[in-house]
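A.B. asks: If you want the building blocks of each chain, they are given just below.
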Amino acid sequence: MSEILLEARNLQIRFGGVIAADNVSLTIERGKNMAIIGPNGAGKTTFLNICTGWLKPAKGTVLFEGRDVTSLAPRRIVRLGVARAFQIPQLFTEHTALENLLISVSARERLRHPLQDMHTIRQRGEMLHLLDMVGCADVADRPVVELSEGQRKLIDIAVALALKPKLLLMDEPTSGVASSEKFKIMEILVKALAEAKVTSVFVEHDMGIVSRYADEVAVWAAGNVQMRGSPEEILQHPDVIRDVIGEAV
Amino acid sequence: MTVRLAIPALILLAVAAIPFAAPSLQLLMNLALAKGIAVVGVTVLLRAGQVSFGHALFFAIAAYAAAFLSASMPGADLVLVLVVAVAGAAISGVLVGLFVVRYRGIFFGMLNLAFSMIFWSILEKFYHYTGGADGIRLPRPTVFGMALERGPFELIMFYLSLALVILLGWFTVRWFASPSGQLFQTIKTNETRLQYLGVSPQRALLTGYVLSAALCGVGGVIMGIVQGVVTPEFAWWIRSGEMVFIAVLGGAGSVAGAFVGAAIYEIVRTYASAFAGDIWQMLLGGFLLVIVIFAPKGVIGIYDATLARLTGTRANDGETRK
Amino acid sequence: MKKLLLTTAALIAAPLAALAADKPAELKVGVTTFLTGPASVFGVPARDAAEILVEKINADGGIAGVPLKLSFIDEGAGAEALTSEFRRQVESEGAHAMMGAISSGNCQTLAPLAEDLKVLNLMWDCGTQQIFEKNDYKYVFRTQANATPEMLATVLYLLKVKPDFKTIAVVNQDYAWGRDSWQIFSTALKALKPDAEVVGEFFPKFGAADFSTEISRLQAMQPDVILSTSWGGDLDTFIQQAAQRGLMNSSTFVIPLAESSLERLGSTLPAGHIVGARGDHYFLHPERRDDADFKEFMAAFEEKTGAHAIYPVFHMSQALAALEAAYDKAVAAKGGEWPSEDEVIAAFEGLTFQGLGREVTIREDNQGVEAQLLGTSVQTGDYPFATLENIMIFDGAALTTPVGQESVEWVSKLTPDYAASVKVDSYDR
Amino acid sequence: MNLTIFLLALFDGIAYAALVFSVAVGLTLIFGVMRILNVAHGSLYAVGAYLTVSLTGYILALGFAPVLAFPMMIVSAVLVGVLIGGPIEWLLLRRIYNKPEVLQLLVTFAVFMILEDVQRLVWGTQPYFQASALQAMGMIRVFGVNYTVYQLIILPLVALVLLVGLRFFLRHTILGKLILATTEDREAAQSIGIDADKVFLLTFIVGAALAGLGGALASPTTSILPGMGADMIVLSFAVVATAGLGQIEGAAFTALLIGLGRSFAVYVWPETAVLVPYLIMLIVLLVRPEGLFGSPTARKI
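So the sequence lines, in the order shown, correspond to chains X, H, S and Y.
Counting along the first sequence from 1, when you hit position 155 you're at 155 in my numbering, and nothing is skipped either side.
Counting along the second sequence from 1, when you hit position 102 you're at 102 in my numbering, and nothing is skipped either side.
Counting along the third sequence from 1, when you hit position 62 you're at 62 in my numbering, and nothing is skipped either side.
Counting along the fourth sequence from 1, when you hit position 1 you're at 1 in my numbering, and nothing is skipped either side.
Fair warning: there could be bad hints in the mix.
[As the list claims (entries may be wrong)] Footprint (simulated), chain H over chain S, 3 or more residues, beta carbon under 8 Å:
| no. | region |
| --- | --- |
| 1 | 86-93 |
| 2 | 145-154 |
| 3 | 169-180 |
| 4 | 202-211 |
Honestly, the hints are just simulated from the structure, not real lab data.
A virtual CB, placed ideally from N, CA and C, is assigned to each residue, including glycine.
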């Protein structure tokens with residue numbers, strides 16, 4: 001049963017002269033992984049910022065499971081079941097990989113006991129399993145600053161998954177990683193998402209990844225959604241080849 | 001592991017023996033313990049990467065609350081005075097905190113400074129209510145109804161302070177390791193991610209802020225009772241700076257460091273003037289320069305490093321990694 | 001500034017046996033005074049005087065044969081350091097007596113502490129009258145007057161010299177002394193001259209360095225009389241800045257503690273302003289300046305400090321004289337035996353002693369009764385600074401609040417004819 | 001509160017504001033460029049005052065005219081800048097630019113404590129008063145009140161010269177432009193060959209000299225005694241934070257705001273004169289934490 005998880009309706013926002021979102025409308029259906037492609041500066045990240053409440057649009061609304069969340073702060077939207085992974089991994093740099101996850105689950109469970117050691121909470125096993133799912137079990141006790149970019153990306157996503165979200169928004173999950181590792185990471189990622197039954201939206205430049213992992217594709221250009229459809233339709237479309245892939249090749 | 005616990009235990013035993021072994025040190029150590037507890041308050045905020053230039057505000061609020069209570073209720077009991085004073089500090093911590101937690105870094109520091117200087121000005125100038133520049137006397141409270149002589153009372157205050165040091169020190173260390181303590185400390189490294197975990201950084205900082213205000217309050221009320229007089233100087237900005245100074249000298253972010261730093265500070269302040277004229281400020285200033293430039297982890301950092309080299313284990317910084 | 005604080009071995013203090021106390025090797029006395037800060041211009045001369053007086057006492061065989069040794073505590077270091085050092089000297093140094101303090105604030109802190117520590121404490125300079133009126137002390141005595149006689153004498157002198165003034169403003173330091181002295185002065189003024197109008201009250205903070213805004217305000221108000229019970233560096237700054245802007249030409253200044261600033265103000269202090277000395281203290285004291293002991297001390301003091309004696313020096317001489325007199329009286333009462341602390345304290349009852357001024361007696365409420373000297377400033381040219389003329393010395397007994405009464409309450413009930421009941425001796429210079 | 005009282009309060013406010021600005025401007029310049037809140041600024045102010053009093057006393061003893069006290073102020077300021085400001089940056093601050101902000105602040109706090117004792121050892125504890133420069137300028141009578149020409153005219157003029165001079169220096173001289181560039185973006189400045197270390201050293205010397213100049217200018221109007229540095233520095237924090245750290249023109253405005261606030265308080269309710277500056281600071285910071293003229297730093301992710 002496909003049901004609309006997130007809906008954006010004619011979002012408008014501009015920074016000085018630049019129109020970052022020009023009447024953007026898009027719907028994300030549960031269970032359908034959506035890839036967002038488009039040239040740099042097309043407004044992809046801005047869209048994610050608006051949907052997660054980091055930026056307030058000048059006009060337009062954002063609905064999550066039918067409820068208007070446009071004016072809510074990010075933390076309130078997150079509580080409703082949206083999680084986010086960032087282009088530059090946003091991690092707690094003075095903690096280990098496992099601790100990053102433990103902190104995330106502590107926030108999820110609203111653990112308030114002032115004297116219980118975080119390392120001994122009930123959900124520790126669950127977090128170790130999640131680490132294993134993203135293939136980072138071996139670096140659980142290493143400070144995140146000592147990990148590779150790829151590992152940090154995965155931990156960033158794991159921290160988001162630790163919240164057991166309904167929808168996961170990812171900003172270029174494989175960027176900054178050697179192309180040989182890209183597919184390995186996506187492999188791990190898709191398996192983790194499937195197991196956690198999470199719908200995902202991910203901004204991506206690598207068309208190989210888009211074609212293999214996306215159920216649907218939306219093309220962004222100049223702050224608006226140009227086209228939307230299955231990967232096969234979109235990736236053969238002449239405009240896409242000229243504007244997006246032409247750039248990518 | 002035993003060595004790591006043995007040395008602190010030995011030190012605590014030595015401190016506990018002071019009233020009998022070296023009574024002349026009792027007053028000095030009691031003041032150091034009180035100041036140490038207040039400095040733990042500052043250390044809590046350092047763990048969230050925030051520095052307050054005005055935490056003497058809560059130090060003074062607790063001391064004056066105790067003084068006003070004792071003046072209005074002569075013969076008030078010690079426990080009541082402590083509870084009321086610390087409650088006063090904690091409540092004002094919430095009130096001030098609600099404003100202050102929205103800011104970070106220099107702005108957080110400056111706003112705290114503004115609040116403390118306003119309170120200092122009120123204490124200093126509204127003579128008829130606050131006793132003005134001379135402050136107010138804090139008569140000795142009774143202990144469980146008994147009005148004690150000075151000697152026994154100060155013994156009780158000493159061991160009460162020591163007990164509070166151990167209790168509050170232990171609580172703060174455990175809180176740091178607890179989920180809410182860990183969330184509080186993420187404000188230092190990544191507030192954005194904290195927001196995206198569904199947590200309000202302001203509310204997280206507020207919990208830590210109120211704890212730090214209460215800790216400063218405990219330090220302030222003990223200092224007030226032990227000295228028998230509370231003066232506006234309790235809220236002066238240099239005392240706030242002094243607390244940050246001691247926290248970093250002892251070891252930024254380390255609870256044990258706060259007490260070590262406070263002890264060093266009081267000892268140098270009292271005995272330097274006896275031996276080397278009135279240059280205790282210069283000695284301490286020089287000492288801090290050396291620490292900040294050559295050993296930024298403070299005295300505790302040096303202690304941990306040497307201990308690690310002796311016992312061959314990897315030095316970790318302070319208690320969190322138990 | 002050599003530190004006299006020699007920390008001897010930290011012996012556990014020898015308990016002061018109540019009965020047959022054995023004669024100590026030396027009589028240790030701790031003295032608090034301002035060695036730093038704006039008030040050091042006040043505290044340092046007092047310390048220098050103490051050193052001269054102790055040398056003289058020890059040369060004449062000490063107090064009842066025991067040499068006297070003073071240790072000084074700096075009041076400028078703040079209440080915290082002061083109380084811990086005061087206590088350290090009594091507990092670990094075994095001080096036999098203490099002399100606490102110049103600042104009224106510090107006196108209010110140290111008096112109860114001395115009572116706690118059961119050590120004799122002479123309030124040698126502070127003036128707030130509240131200490132003995134709020135609660136009575138066994139171990140604490142004041143070897144000089146307090147704010148009441150000092151302010152009353154000032155009002156009486158003002159009414160004699162300038163009876164028809166209309167408006168008055170006050171600029172006092174914002175602490176116990178400044179507030180208490182104004183309360184007594186204004187109450188006495190209301191009682192003795194009801195038609196006088198108070199047009200401005202300023203309380204700059206202790207140690208203030210800049211009075212320009214207050215001075216502008218005073219110039220705008222043009223009061224006939226400006227009272228200031230400030231002292232030390234604060235008074236010097238206030239007078240210098242006021243004189244600079246001509247405020248001292250338009251208003252008569254009543255400065256009851258200015259005797260201590262005369263020399264430092266030099267030619268800045270113009271003629272015609274009322275100067276007091278918190279007691280009969282003046283280096284040209286009309287009744288005492290020709291006495292041998294007075295001249296000898298003044299010569300020694302000038303040689304050691306290069307300056308003339310000011311009233312804290314006189315107060316120090318009175319306190320040390322009281323200490324010596326009390327011990328001598330107690331030793332005599334015990335037939336030459338060394339007295340216990342309680343016996344020395346008993347000796348203070350009704351004790352009379354003489355420092356560099358007139359005789360002082362201690363009343364049963366431990367308060368000293370001391371004469372008050374006031375005069376009008378004049379630049380005679382004999383000295384590079386202002387001296388006094390039209391000097392009047394008021395007898396202390398009638399000026400001091402009767403035992404057991406509260407000062408402000410007693411003063412408010414005075415009537416204009418009270419002035420006639422006070423014995424006055426006048427001298428033109 | 002009739003008109004004369006209002007005007008008198010205004011004059012006193014302007015005189016006080018001029019003094020507070022000339023002290024605070026060095027503090028905000030240093031923070032603007034180096035992001036360091038120099039707590040030792042208060043001691044540099046006090047040393048500037050002490051130096052001026054000693055130098056003026058010396059030349060008066062030699063029989064020179066009192067008006068020569070003014071050049072002595074400049075000399076003191078330069079001495080403070082070079083002999084104290086230079087070593088502080090060169091020996092201490094340079095080692096800790098990469099360390100957390102609280103450590104940089106504490107280094108200046110440690111220097112503050114050291115200099116407080118140095119003042120006491122060199123100049124003792126008794127108050128100094130040297131107003132010959134002020135007396136040389138004489139009086140003017142306004143609404144029946146005598147004002148010193150020094151406080152009512154000279155100080156505000158000097159403050160204006162400082163404000164305009166600093167603006168000109170920063171915007172139109174090579175060194176000034178280098179300082180501005182380093183303020184904007186240190187890495188970018190270094191990448192085009194600006195020796196940031198030299199710029200920081202010069203900025204700190206200029207800032208310290210301004211602090212010394214503030215003390216020198218204040219010396220005739222106040223008695224010089226231990227602790228004056230601590231009082232003035234916390235007031236400068238209020239002025240600088242209210243304006244927005246690094247905002248020089250802003251500091252001029254807030255110095256005026258606080259100066260007038262304080263002097264009107266003395267006229268209306270003297271008890272609050274000490275309270276007013278911090279009340280203004282609190283109100284402004286609650287509304288605009290980055291200060292009246294500071295720019296809010298949006299957080300980018």
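A.B. asks: Establish whether the coverage given for the region 86-93 of chain S by chain H is satisfied; the threshold is a Cβ-Cβ distance below 8 Å, and no fewer than three residues must meet it.
C.D. replies: holds (count 4)
A.B. asks: Apply the coverage criterion to the region 169-180 of chain S and chain H: a residue qualifies when its Cβ sits closer than 8 Å to a Cβ of the chain, and three qualifying residues are needed.
C.D. replies: Check passed, 4 qualifying residues.
A.B. asks: According to a criterion of three or more residues whose C-beta lies within less than 8 Å of a C-beta of chain H, is the region 145-154 of chain S covered?
C.D. replies: With 0 residues close enough to chain H, the hint is violated.
A.B. asks: Can you confirm whether chain H covers the region 202-211 of chain S, using C-beta to C-beta distances below 8 Å and requiring at least three such residues?
C.D. replies: holds (count 3)
Going through the hint list in order, the structure does not satisfy hint 2, though it satisfies all others.
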